[in-house]
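Next come the chains, spelled out residue by residue.
Number of protein chains: 2
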Amino acid sequence: MKRRSAGAPAAIGKLVVIGVGLIGGSFALALKKAKAVRHVVGVGRSRRNLAAALRLGVIDEAGTDAARAVRDADFVLLAMPVGQMAEVMACIAPHLPAHAVVTDCGSTKQDVIAHARRFLAAHLPRFVPAHPIAGTEKSGAAAAFAGLFRNRNVIITPQPETSAPALRLVRAAWRQCGARLVRLEAAEHDAIFAAVSHLPHVLAFTLVNALARHPDAGALLGFSGGGLRDTVRIAGSSPEMWSDICVANREALLAALDEFEDELGRTRAAIENGDSAGLVRMFEHARRVRAKWLQRD
Amino acid sequence: MKRRSAGAPAAIGKLVVIGVGLIGGSFALALKKAKAVRHVVGVGRSRRNLAAALRLGVIDEAGTDAARAVRDADFVLLAMPVGQMAEVMACIAPHLPAHAVVTDCGSTKQDVIAHARRFLAAHLPRFVPAHPIAGTEKSGAAAAFAGLFRNRNVIITPQPETSAPALRLVRAAWRQCGARLVRLEAAEHDAIFAAVSHLPHVLAFTLVNALARHPDAGALLGFSGGGLRDTVRIAGSSPEMWSDICVANREALLAALDEFEDELGRTRAAIENGDSAGLVRMFEHARRVRAKWLQRD
Numbered sequence: 000m001k002r003r004s005a006g007a008p009a010a011i012g013k014l015v016v017i018g019v020g021l022i023g024g025s026f027a028l029a030l031k032k033a034k035a036v037r038h039v040v041g042v043g044r045s046r047r048n049l050a051a052a053l054r055l056g057v058i059d060e061a062g063t064d065a066a067r068a069v070r071d072a073d074f075v076l077l078a079m080p081v082g083q084m085a086e087v088m089a090c091i092a093p094h095l096p097a098h099a100v101v102t103d104c105g106s107t108k109q110d111v112i113a114h115a116r117r118f119l120a121a122h123l124p125r126f127v128p129a130h131p132i133a134g135t136e137k138s139g140a141a142a143a144f145a146g147l148f149r150n151r152n153v154i155i156t157p158q159p160e161t162s163a164p165a166l167r168l169v170r171a172a173w174r175q176c177g178a179r180l181v182r183l184e185a186a187e188h189d190a191i192f193a194a195v196s197h198l199p200h201v202l203a204f205t206l207v208n209a210l211a212r213h214p215d216a217g218a219l220l221g222f223s224g225g226g227l228r229d230t231v232r233i234a235g236s237s238p239e240m241w242s243d244i245c246v247a248n249r250e251a252l253l254a255a256l257d258e259f260e261d262e263l264g265r266t267r268a269a270i271e272n273g274d275s276a277g278l279v280r281m282f283e284h285a286r287r288v289r290a291k292w293l294q295r296d
Numbered sequence: 000m001k002r003r004s005a006g007a008p009a010a011i012g013k014l015v016v017i018g019v020g021l022i023g024g025s026f027a028l029a030l031k032k033a034k035a036v037r038h039v040v041g042v043g044r045s046r047r048n049l050a051a052a053l054r055l056g057v058i059d060e061a062g063t064d065a066a067r068a069v070r071d072a073d074f075v076l077l078a079m080p081v082g083q084m085a086e087v088m089a090c091i092a093p094h095l096p097a098h099a100v101v102t103d104c105g106s107t108k109q110d111v112i113a114h115a116r117r118f119l120a121a122h123l124p125r126f127v128p129a130h131p132i133a134g135t136e137k138s139g140a141a142a143a144f145a146g147l148f149r150n151r152n153v154i155i156t157p158q159p160e161t162s163a164p165a166l167r168l169v170r171a172a173w174r175q176c177g178a179r180l181v182r183l184e185a186a187e188h189d190a191i192f193a194a195v196s197h198l199p200h201v202l203a204f205t206l207v208n209a210l211a212r213h214p215d216a217g218a219l220l221g222f223s224g225g226g227l228r229d230t231v232r233i234a235g236s237s238p239e240m241w242s243d244i245c246v247a248n249r250e251a252l253l254a255a256l257d258e259f260e261d262e263l264g265r266t267r268a269a270i271e272n273g274d275s276a277g278l279v280r281m282f283e284h285a286r287r288v289r290a291k292w293l294q295r296d
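So the protein lines, in turn, are chains Z and V. Numbering-wise, the first sequence is residues 0 to 296 according to numbering that gives the first Met the number 0. Numbering-wise, the second sequence is residues 0 to 296 according to numbering that gives the first Met the number 0.
Excised from the complex, chain Z in its bound form (with noise of 0.2 Å):
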């Protein structure tokens, strides 16, 4: 019998999305669109965002219990805030059927590992942590759509322990969801993101909150232009994914704080100075490292 190539269509019996959002719902939309799965299963705490889900067609079916939603679930993909992945793993560990591959949407790596090891254990070979590189700053079933996914990355960290059946699976359906797939260690992942996404998202609802503290914050922000409006645009993001991404990530961000503050020391002390040849300087630097990636993406 051939092995089955690396780009064939993912086969998915039954799909059980844990946390039907704007990433598990546009899984589910993406594999219906593909033909690649027959029955989808959500699950989550809302029953709101449940029934959104069922009317607009994301799931097939809805439910609020996990651990009996992955009774005879072929694929699961947890795609809860992270900070309820330990809780969830536990929960759902000792009905997962044996065959069943597990996979995550976790913005963090490294812990969701850590909890993989002590409450999926016997599961791990079947256990694959990934992280798709896509999302809006809406959430929600309603916000999910087919495309979320098209052309964009999704990191895999598999472990020594990872079965290359479950891996492949994994990719298959990613594939399938227009995907690029792109694999990393887990701790440079979890660098790289806690600089380029998690920083952002907290200087954005940070700087929200500076300017929310004026004693006329609303006709403060009346007098805004599209450059704060864009700089803000992740501030609408989910604020419990995000604080769970903030503590599971904590170190790594923490670093990644620590170096713009150095920076905004930098910059500080060149407007302090009223340096304008420095001021210069450094914004024609970030202006021509901005257009690099721009023209590069």
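These are computed hints drawn from the structure, not numbers from a lab. Please note that the accuracy of each hint is not assured.
[Claimed, not checked] Listing some non-contacts, in silico: residues in chain V with all C-beta distances to chain Z over 12 Å:
1. S45
2. A51
3. G56
4. D71
5. A97
6. F118
7. L123
8. Q158
9. P159
10. P164
11. A209
12. G235
13. S237
14. P238
15. R265
[Claimed, not checked] Only some residues are given here: those of chain V computed to face chain Z with a beta carbon under 8 Å:
16. P80
17. I132
18. S196
19. V201
20. R212
21. P214
22. L219
23. R232
24. A234
25. E239
26. L253
27. L256
28. L263
29. R289
[Unchecked claim] Mimicking DSSO-like on lysine-lysine, the simulated pairs with C-alpha atoms at most 27 Å apart in a straight line are:
30. Z:K137 to Z:K32
31. Z:K137 to V:K291
32. V:K137 to Z:K291
33. V:K31 to V:K137
A quick note: this is a predicted structure, and the numbers were derived from the prediction, not measured. A virtual CB, placed ideally from N, CA and C, is assigned to each residue, including glycine.
Once you've looked at the hints, dock chain V against the given chain Z.
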């Protein structure tokens, strides 16, 4: 004879735009489109930019000598970076016709007004300090377009000396561009824009520079998603213009930076302490403030 109403079209014979960039060029294009100006002369330091402005029909005539250009001007728009205000004012002052109205587009108002008091003293009644709240991260005449100011605020900070007819003409011209006029005190203006505009620009430039220090910055940025891209869009803005603004509005900007750094300290402490509930509260607050602001907008 009836007085011209505030909403009447501006009838400008010769308009001199000093600094034919995104703002100055768009002002010229908008007035041309409204048939509110007969002849536009562009003055600048870059022959290449002036040539582009001529070719694109932004201006009808180009020159590098501001003193010569203003000799028979009816309306002079100072649209260079604020760092050049003093020099240009000193240069044109002896050559301005008595009837000519002068206005500026400076992002800071107290320093521009101080320069005008010093270098345009004899012309003060016909100098109208203003600041259009519009722009993109692009710069230069080629980026100009007639619709840039449509439904945007233009802040006017008239002085006790400002004459009513000069104020009326400047207001009428901006209305022809589709802008809404807002009157503020200069100090109030500078504090507001330090917070909602100058601070976000400083943070965007600084964030890019912090990321650029990483050993493999190119690969790092390659992993980022749409969040970082939007957050640092304004780091593509003109380095010279923003260096000038930082220096000109130094005090208000440092105060806004203090407030941001205090807030960042609070966010950082919550991350260090693993205070999930505190982070959720902070991020939820930012999300609510942002949503309310966008709704009103």
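Hint check:
no., hint, result
1, S45, "16 Å, holds"
2, A51, "19 Å, holds"
3, G56, "26 Å, holds"
4, D71, "34 Å, holds"
5, A97, "34 Å, holds"
6, F118, "19 Å, holds"
7, L123, "26 Å, holds"
8, Q158, "20 Å, holds"
9, P159, "24 Å, holds"
10, P164, "28 Å, holds"
11, A209, "4 Å, violated"
12, G235, "6 Å, violated"
13, S237, "8 Å, violated"
14, P238, "4 Å, violated"
15, R265, "8 Å, violated"
16, P80, "10 Å, violated"
17, I132, "5 Å, holds"
18, S196, "6 Å, holds"
19, V201, "6 Å, holds"
20, R212, "7 Å, holds"
21, P214, "11 Å, violated"
22, L219, "6 Å, holds"
23, R232, "5 Å, holds"
24, A234, "5 Å, holds"
25, E239, "6 Å, holds"
26, L253, "6 Å, holds"
27, L256, "6 Å, holds"
28, L263, "5 Å, holds"
29, R289, "5 Å, holds"
30, Z:K137 to Z:K32, "22 Å, holds"
31, Z:K137 to V:K291, "15 Å, holds"
32, V:K137 to Z:K291, "15 Å, holds"
33, V:K31 to V:K137, "22 Å, holds"
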